[in-house]
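S.K.: Letter by letter, the chains look like this.
Number of protein chains: 4
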Amino acid sequence: MTLPLREEKVFKDPVHKYIYVQDRTIWDLINTKEFQRLRRIHQLGTCFLTFHGAEHSRFSHSLGVYEITRKIISQFERNRYDDWPSEERLLCLCASLLHDVGHGPFSHSIEKTFGTHHEDWSCRIVLGDTEVNRVLREVSPTFPQQVAEVIAKTYHKEIVVSLVSSQLDADRMDYLLRDAYFTGVNYGMFDLERILRVIRPFQGHIVLKESGMHAVEDYLMSRYQMYWQVYFHPVTRSAEIVLHKIFQRAKQLHEEGYTFSFMLPPLPSLFRQTLTVQEYHMLDEALMQTALMQWSYERDPVLSDLCSRFLNRCLLKYVMLERIETPLIDQLREMMRSFGIDPEYYLEIDFPSDLSYDVYRPGEHDEKLPILLLDNKDTLTEISRKSEIVRSISGIHMGKYHLYFPEELLDQCRSQSISPALCKLLRLE
Amino acid sequence: MTLPLREEKVFKDPVHKYIYVQDRTIWDLINTKEFQRLRRIHQLGTCFLTFHGAEHSRFSHSLGVYEITRKIISQFERNRYDDWPSEERLLCLCASLLHDVGHGPFSHSIEKTFGTHHEDWSCRIVLGDTEVNRVLREVSPTFPQQVAEVIAKTYHKEIVVSLVSSQLDADRMDYLLRDAYFTGVNYGMFDLERILRVIRPFQGHIVLKESGMHAVEDYLMSRYQMYWQVYFHPVTRSAEIVLHKIFQRAKQLHEEGYTFSFMLPPLPSLFRQTLTVQEYHMLDEALMQTALMQWSYERDPVLSDLCSRFLNRCLLKYVMLERIETPLIDQLREMMRSFGIDPEYYLEIDFPSDLSYDVYRPGEHDEKLPILLLDNKDTLTEISRKSEIVRSISGIHMGKYHLYFPEELLDQCRSQSISPALCKLLRLE
Amino acid sequence: MTLPLREEKVFKDPVHKYIYVQDRTIWDLINTKEFQRLRRIHQLGTCFLTFHGAEHSRFSHSLGVYEITRKIISQFERNRYDDWPSEERLLCLCASLLHDVGHGPFSHSIEKTFGTHHEDWSCRIVLGDTEVNRVLREVSPTFPQQVAEVIAKTYHKEIVVSLVSSQLDADRMDYLLRDAYFTGVNYGMFDLERILRVIRPFQGHIVLKESGMHAVEDYLMSRYQMYWQVYFHPVTRSAEIVLHKIFQRAKQLHEEGYTFSFMLPPLPSLFRQTLTVQEYHMLDEALMQTALMQWSYERDPVLSDLCSRFLNRCLLKYVMLERIETPLIDQLREMMRSFGIDPEYYLEIDFPSDLSYDVYRPGEHDEKLPILLLDNKDTLTEISRKSEIVRSISGIHMGKYHLYFPEELLDQCRSQSISPALCKLLRLE
Amino acid sequence: MTLPLREEKVFKDPVHKYIYVQDRTIWDLINTKEFQRLRRIHQLGTCFLTFHGAEHSRFSHSLGVYEITRKIISQFERNRYDDWPSEERLLCLCASLLHDVGHGPFSHSIEKTFGTHHEDWSCRIVLGDTEVNRVLREVSPTFPQQVAEVIAKTYHKEIVVSLVSSQLDADRMDYLLRDAYFTGVNYGMFDLERILRVIRPFQGHIVLKESGMHAVEDYLMSRYQMYWQVYFHPVTRSAEIVLHKIFQRAKQLHEEGYTFSFMLPPLPSLFRQTLTVQEYHMLDEALMQTALMQWSYERDPVLSDLCSRFLNRCLLKYVMLERIETPLIDQLREMMRSFGIDPEYYLEIDFPSDLSYDVYRPGEHDEKLPILLLDNKDTLTEISRKSEIVRSISGIHMGKYHLYFPEELLDQCRSQSISPALCKLLRLE
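Residue numbers (the numbering used here), protein chains in the order written: chain U, 969 to 1397; chain X, 969 to 1397; chain H, 969 to 1397; chain S, 969 to 1397.
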């Protein structure tokens, strides 16, 4: 069971002005140590190395997702929509607040190296021996399980899942606005109030009145721009790559039995992939940045060099490639080795759309629920069938290959005679 | 000697939209590891525990101070003012950029416990064996010394010092705008463009045209509001106090020869107050937060409890006091001891104006240069002689005593019979 | 009786984002011709000649006042405050919307010359044979009378009057924000959301929780700055003076039996002060500006010159005076006459605080209800007893005398030998 | 010849913060009566009836176009680009400021009815016996002619014309930002600073560095949204149609020798299409609104009804049509006549793309210069060849037919038995 707070609490928030808390359960969840840990995880990972304002944490984003969900539900209640299952209010709010609670430090690189997955960890935290679990169990014994199902998108009511996780969910709406605000890149701004006005529960779905179509177009256009201007920015990618190489190297050294001067719990468990929920709690970005700092003094030259690069922002350079010519890349690897630079750790080919490229592609089978428009005659239509602009954005394939390598490679190339093909590849004239 | 960059570089900044870099020296300074380290120091210390948006770093603030200084000088140059010593341009820019380079993690608490001082460290970094020093020496052999003098406010030209450090300097102007932006508290907004339009070099001073007086009033009013709404917020103060107690306890344990399970370089040097510039570089907030996390598992119960409190935001409660009654406080201390709570670490009386309360008080002898207005007849007048509103703000003494203690103390009090005077003090009915 | 609208209607508003209409009565009132007429009356009279963005109308301000009142009441209802007389909701909303419906073109100058009063006209429109009256009567036969009483501040419940008209009413809150937005002068911005959060009905008054005191200080400071930066700007005053002289001259000519080439209904009734409600409806700024344009071709040289000055923004110059020396002013008048310039129409001494200077002065007997703070113990205190900053602003007397005259006077003075005292007065060297 | 002002002047502007005037010629132009007249012409014609904030004038827009041009040129000068013809600075500034000086009241409707053209009038004002002409002639005897050529797009240097009039000119950039600001519709916001940073003079063209392509995409997307959300809004179109019908009726009556109760100069000249420059000056929106008010009391029922509709915002209703079925429309006209409603004045079919639909369509032969991107190898490419998003927007054909008619028609239809086809057409069930 849950109780209303005796007096509404607020958090001052630069994006939504205020975040309103009316339920004791929400207040208690925010005060758990697992939720407070999100203050020590950057919302945008390494992006602050490209956009210095992007230093905000998953803590403030999680509050923002909660607040947008609260606003949507409060609109549903104000309008007394029959199709809204009002008994699911608290479940939606809790799942919104907690959907990112399992995020680790620099998630992309860590997950890629060690095979963890943040959604699994969110569920483990919700279900495990944690403060979060204790607060949720006060609502009802099965409540933690329900929250975990919403996060895992297996909950039996689509309408609940889609508030937290769909093509137009509270998560995306908050991060676009928030990331735009903190980076200073105003492409991410869209008319949230307009969308909140036209969103409706309808026959088990979350839909939008057709009159709000232009607001949705604008939102999808913002998303498109933010992906290409911010999230896939090649400097951010470069930092991700360096970080991934660091973890790869450390893991390799660990497997080879190398003795680290600096090794703190729970890093060994991370390397062995045996982390418990309690150990996972200690794994924040403060720890990872401390490890990078200490390892920048390790005697292994690759590990120490890569860590210094990350800390001091001497990242890898890049050139754009139209396509990959494997023999040429092999030749480049060979040359790097001849210079004493290990291509395993100093060369990477990156293709943004390998990532979870979040364009709206209604045609493709996607885990994300599509955006549905509701017209005056109560007919539902998937938005791209009505909007030319959405069709246009959906059809765009933009990714280009990027080749990353250390700037020093160019100095070495300049002092040697290298093949014209390699010169051209590396943009050396 | 310095060179212009072949092409102007920009940083996207949410406060100033863009930050423009035109000089190679500035570009190189930003890329030093000492300057990059500022990314790992919060601009507002523990304030993010009160205003969750306040997660911005001294890195972005330092760029902002540089940018405002650049804008002021560029206005001076555009108007070709005779009283502007144009040869000092690069010195002003470098000092603006570097004035905070010596800030450590959670400066207030650390400085209070270990007697370090961030301005001294800024000078040591500028003058020591650092990348910053190497970049500055490329300008001229004496340039690092000049920069250090501006930071230490001993440089022989007041006009240079006052751009970086006065009652209306680039530092204050940036932090008010930036802290307002990131906290979401809009009291800190003032009309920067208007001030930039009326600022002038005049007979060795930085002055403002009298026609801009209202903009300055507005700036001082913003400053007043930010101090009382944000900087002296009792929750932020509570976090500062907990942090100070942690360092005090750790220092005490270290002096007693206690063996820490977690102890990394350069913490021992910090305790012994023998930090070198190289060791200071490692002392960032990632390290301090990692120490707090690891120490939350130490066997010393006071240290471990205080660290958990900070990390999980279970800070100390507070009550406001009109005045301090020493016998009553002694009685409270006694009672706490009887409950097994050490008042040395769990009780604190705080008075904001003990801090460097930054109200504009032209009458008092202050290290800060006052604000001068220039009228049509080229007469200079200190602003409070012209503005009633400034006189009003200057005269306000607002500080109240706050008594901080753990919430658990109240539970224990409730289960015992305690004196009515103590009940009243702790707001127990 | 009133009905809710089948579907909420919205107006896009740049200040409040959206204005929400939920009642048929409000919707119908907005669509009356008397309310639509407000589109043809500038909110800030002649201020657009100083701040070119200030071209907004009383129509948008009136919607804004309504919206703030609606937000306040909706907060009261959400919190189910016992002290809120919920049956007064519609009355408050209608009075908010209509409080300015009687404003005429360039109210200050017209009212000064012809002795009309906009509040009286608001009541006449509410009570007369108008579309507004017909809509109100559909609520109940006595409803128009109630609305008129609220506008006239004679309604028997203070709480209703004070929402629309007090030191912190919806009217002032909207105009500060709106005038700041449209002029671009950001001094008028204050934290409306914070004030909306702490406002309460309490024992027949509208009060503010003490915790919101700083937000009120900020609001009063904004008001102070807007008055001196915008509302009393000497160029705006100059335009008011020219306009007043035009009406004075036209009235004089009319009384002398002069035949105007241009004279349209209802101008003769205005001159004779016999306007009916139907005639008043035609009296908008389009008509007045057309009269000014046509009169700029009248054969009376004074009328034609003054009209050209207003239309083409060749206003009167001004100098600031510490005090009025009557003999010197008489001497100036004499000299003007000798130049053939009639001081009756070309000289004016202005003192801003002659105007309804809207500083917050709780001590003085004022028609405006004061601002009351409510503390934790349910005690009410007038704000200036708690806030030093409010005491400071309240005590400031800033007005200076301004002497207005045509620039051409200076040219004539320069070609003659005039007394040193007059030279000094007019700032001629 | 022109002189710099002794001291830079500024106008406070809500969109650009400040507008800076440095040249005496610009200052004098702003103070001419022809330029001041623009204060009495709405920037967005009848749009204020849809978006009540849209009450801004062509005066503020014209200042904004000047300011953006000034910023672009000042960037060119700061970077000392060889390809910039610096001798054309003043010409560009004057043409920017004056390009709209010939706009009449409610231009679209007036131009449609009376065949005037605002660009022709701008040239007539620049070249005729006007204050504007006198100020320009002080620069040089041929200067007015040059300004007129730039406005008419016949000036021999494309680079000069394209600053004022191209697909990415100062005019469009200002109006998108300004109209977005005043309507409150934030779709019009784009990153002006970014565009100002990447714009370049290059071999006689104004081009953009390819790195700024995303900012241009965003600008074009904003334009697309503003057209469909604001400029082509059916309520605004409805007001335009009513206005057009009013002028059509008045012209018809005039031709039939009808005696108007209200008829002022220069309306007869407008009807006869013999306006002189001096008469055109009197033709502002104050006059037109006064005419509408007076004509609302004319004895011709059609004229009087249409004028009341416009003033009191009882516009025509509309339904959307996929296509035009001529026989059905004829049937509707017949029915209207049988009800005594003249379809000539009360029925209209509107198709937005009949208007100057300002989508970016590089393929079509257009008077507007296209947007060119400059890559690292100094190659120019038209933007739609590089940007998929621009190609998408360019290809969209969105216009739908709208049928406008009075709401009263529906009441009459309801009381009669009308054909099912007409019922369906008018959405009567």
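Honestly, the hints are just simulated from the structure, not real lab data. Please note that a few of the clues may not be correct.
Identical chains share a label here; the pair holds if one copy fits it or two copies do between them.
To be verified - Computed list of lysine-lysine pairs in DSBU-like fashion (alpha-carbon distance at most 35 Å, straight line): (1) K1039 x K1392; (2) K1001 x K1177; (3) K1285 x K1345; (4) K1392 x K1336; (5) K1125 x K1219; (6) K1219 x K985; (7) K1125 x K977; (8) K1345 x K1177.
S.K.: Next, verify each hint and record whether it holds.
M.R.: Hint check:
1. Neither within a single protomer nor between protomers do K1039 and K1392 lie at most 35 Å apart by alpha-carbon distance, with minima of 55 Å and 39 Å respectively.
2. For the homomeric pair K1001 and K1177, the shortest alpha-carbon distance between copies (32 Å) is at most 35 Å, but the shortest distance inside one copy (40 Å) is not.
3. Proximity of K1285 to K1345 under the C-alpha cut-off of 35 Å is restricted to the inter-copy arrangement: shortest distance 20 Å between copies versus 56 Å within a copy.
4. In the homo-oligomer, the alpha carbons of K1392 and K1336 never lie at most 35 Å apart, since the shortest distance is 41 Å inside one protomer and 39 Å across protomers.
5. Taking the closest pair of Cα atoms, K1125 and K1219 never come within 35 Å of each other, the shortest separation being 41 Å inside a single copy and 56 Å across copies.
6. In this assembly of identical chains, the alpha carbons of K1219 and K985 never lie at most 35 Å apart, being 43 Å within a copy and 41 Å across copies at closest.
7. In this homomeric assembly, K1125 and K977 come within 35 Å of each other (Cα to Cα) both inside a single copy, at 30 Å, and across copies, at 31 Å.
8. Taking identical chains as interchangeable, the C-alpha atoms of K1345 and K1177 lie at most 35 Å apart only when both belong to the same chain, with a minimum of 11 Å there against 48 Å between chains.
The earlier numbered hints that this structure contradicts are 1, 4, 5, 6.
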